[in-house]
Amino acid sequence: MRLRVPLLAKLGAVVVATTGFYTYVGQMVPQKEIYPPKEILIKADVTTAEMTTIGKEIFEGKGLCTTCHTIGKKTGPYRFPDLDNVAVRARTREPGLSDVDYFAQTLYEPDVFIVPGFNPGMPTINKPPIGLTDQEILCVMAFLQSLGGTPNVTMATKHHYNGGGAAAVAAAAPAAAPKP
Amino acid sequence: MTGKGLKIAAGLVLAVLALAAAARVGLYLVEKHEYKEPERAQLADPTPREQGVLDEKAAADKVASAKPYVEAEYRAFPGIGSRVAIWIVAQLHLLFAAFVLAVPIFALIIEFIGYKTKDKRYDRLAYEFTKLLSVSFSLTATFGAALTFMLIILYPKFTNYMMSVFSPTFLPYVLLFFFEAFFLYTYYYGWGKFSPRIHLLLGLGLNLVGTGIMLIANAWVTFMTSPAGVSEKGAVISTWQAVRNFTWMPINVHRIIANIAFGGSIAGAYAAVKFLQATTDEERAHYDWMGYIGNFVAISAFLPLPFAGYWLAKEIYAYSQTLGLTMMGGAFSWLFIIQAVLIGNLFLGANYYLWLGMGRVPGAQNFQKYIKYLLIVVAACFMVWATPRSIIATVSEVRAMGGSSHPALGFLGVMSAKNTAVNILILTTFMSFLLYRRTGKTPTVPWAKTGNAVQLGIFGTAAAIVIGLGITGYFVEAKVRIGLSVPQVGSVLLAMIAITVIDVPLYRKARMSGEVQWGKIPAISQYVLIFIAVTFTWLMGLMGYVRSGLRQHWHVYGVVRDTSVDAFTPTLGFATKVVSVTVLIFFALIGFVFWLASLHDKKDWDGGASS
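From first to last, the protein sequence lines stand for chains G and F. If you read the first sequence in our numbering, its first letter stands for residue 1, the second for the next number, and so on. If you read the second sequence in our numbering, its first letter stands for residue 1, the second for the next number, and so on.
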């Protein structure tokens, strides 16, 4: 005798099996919970070396820098500039700007200068959603200086955006042949 | 001392010890039961118990009356938590709302075709689609009310903020909702009661009001992703600017198209159920046709959907590169692999249904021979699209590959390959439609050969442009590569329009090798329709998650931060489970809607008089 499966059971089986299959696919991809970035307490008397370490943490965490930037990627395509040896390029990227001033400009007013070959897209780092504090940005600058150079910023370093006197130059013109 | 003497001495010592022990035990027992005066407190309790209770109550009242009002930021939903509760209710509301907004669009078009051609079948079909609306409308409203109350209860502070920004939109929304009910019920209950033109106008009113409701609700949700019209601190500057934020119009367009695709698939599933329940050939023929129309609507809307998706993604990037990269290259990048599986299945299902449908028409053999080639192309594109850029591998596997990307297949994981694959998929599915349309027909126009050749040329050119630009994408910098997707999409869109424009006059007076035999289709085709409907629903759930989850730990991105216990992005595995639960609840409820709609055709209960 042939077993007759009720239509409702067949329809239910199709719905459940299809849904089950997609749920299974969902379990097959990498599983990761993503938490809001941790706040890092920065004391006023931290050394430049400590700032570099803290800056690296912020770079990889709260700053979300690694969402777009790479460090030491050898071959393209590049989404945004690779930051290997960026400390060297920062010293001469824009005439009249020191590396500290250049870094400050790229973080506080990222659209003032766009590296040739790339689209604008860098968010203003001291405003939400990233919203780094002036102290955190100094630490990130210390870390950036460590990429091909020797960090020299301190918690007392002043630049155009934290009450310092050096004015940032609004240089829209591209600099000399950049590394991406 | 003799031995005897020693024994006597030892016996005496033991006797004395035993007596001493017995005396100690006796003394202990006497002391234990001795009467002792109870120890009493020296001072009497200055506060009698009753007074103490009163004092405590008075003190508590004083504290309570002095307590300041503190606005609750969050409240917890028992068991599953607030986020999941809101997630499920919002998704169910959206699914029913999408259905209620979509069905009137194609019901009106089908009714209009019936009015113009004087073919009553179209009128009956449009009415049958509309029958599904009234209960769905009630469920949409119920879930909408539940969502509103739950937001007020569970997320009071955030809800309050949204009200402060969008309060001018709420009354118009309610008013439109009232008009929606008016038009919907008049359209449904007035079927055949008014002149066709008046009835069509009612349908038009229903669509316009429904679209208006969607536009307002879209403003709220898109503002959460790409806020505008508010200061850095969140103060309202312009409600109108808040409404027309970066992602509002792309979402409006994307949702209208997606709703039609989704609504068509659900209507197709209804027809499939009715087909499988049918007991006569006439019923089978009618519901086969209805299922075909439902699927045609779904797939026709589905083909341009990726283009609307491109625009939406472009606007997200334009608003915030960080948000865009979080979506496509960060936390949610793997979600798009799941999406690829879903869309690939939709294309496979849609093509399979069309190929099965060719059997309805005598003389289909001429075209069926091409199916295997189409299947190869669809499968190949599916595989390319579902290939991830980086894969989960052990340390040794990563070493062997020289990185997290496969040395060869890794190249298929980038956007250049995926854009190419999806555009070719769309072209191939369009080709399936074209073959289905031509089944059993021979063109009679004198320029038939030229027309066919031109169509083939357009098709080939579009495919060549898509593939050529896809390959070019590997050799140019990011700035150029991102822009290549526009001509890829444009060429496919233009090709589809141009081929259709030629096809309509080409087959206008075609010679038929036989009539379409509706109902002559294998039963498995109806299960394919249900599979397509479930896949569409699941896809909507998944994409709803990414649209909302993209904000991560922000209620309103960059403005109102989520500080609740749920302020983290769950795993994709968890998200897919929630989506699945929602889809199952939706299908249980839509099954109820189908059942209620089918009661309409049943005979009235006569209390057994007819037996």
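Please keep in mind that the hints were generated in silico from the structure rather than gathered at the bench. Since the structure is predicted, the reported quantities are computational estimates derived from the model, not experimental observations. Careful, some of the hints might be misleading.
As the list claims (entries may be wrong) - Chain G is faced by these chain F residues, among others (derived, beta-carbon under 10 Å):
hint : residue
1    : L154
2    : F158
3    : T159
4    : Y161
5    : T280
6    : W447
7    : T537
8    : G544
9    : V546
10   : S548
11   : D562
12   : K577
13   : V579
14   : L589
15   : G591
16   : F592
Claimed, not checked - Each computed DSSO-like pair below joins lysine-lysine, with the alpha-carbon atoms no more than 30 Å apart:
hint : chain 1 : residue 1 : chain 2 : residue 2
17   : G       : K10       : G       : K73
18   : F       : K193      : G       : K32
19   : F       : K520      : F       : K116
20   : F       : K441      : F       : K118
21   : G       : K62       : F       : K233
22   : F       : K193      : G       : K10
23   : G       : K32       : F       : K157
24   : F       : K520      : G       : K62
25   : F       : K520      : G       : K10
26   : G       : K10       : F       : K372
27   : F       : K193      : F       : K603
28   : F       : K369      : F       : K520
29   : F       : K441      : F       : K369
30   : G       : K62       : F       : K157
31   : F       : K577      : G       : K74
32   : G       : K127      : F       : K157
33   : G       : K158      : F       : K314
34   : F       : K157      : F       : K520
35   : F       : K520      : F       : K603
Just so it is clear, CB atoms sit at the ideal spot from N, CA and C, and this is done for glycine as well.
Practice task
Check each numbered hint against the structure and report the violated ones by number, ascending.
Solution key: 1, 2, 3, 4, 5, 6, 8, 9, 10, 14, 16, 17, 18, 22, 24, 31, 33, 34
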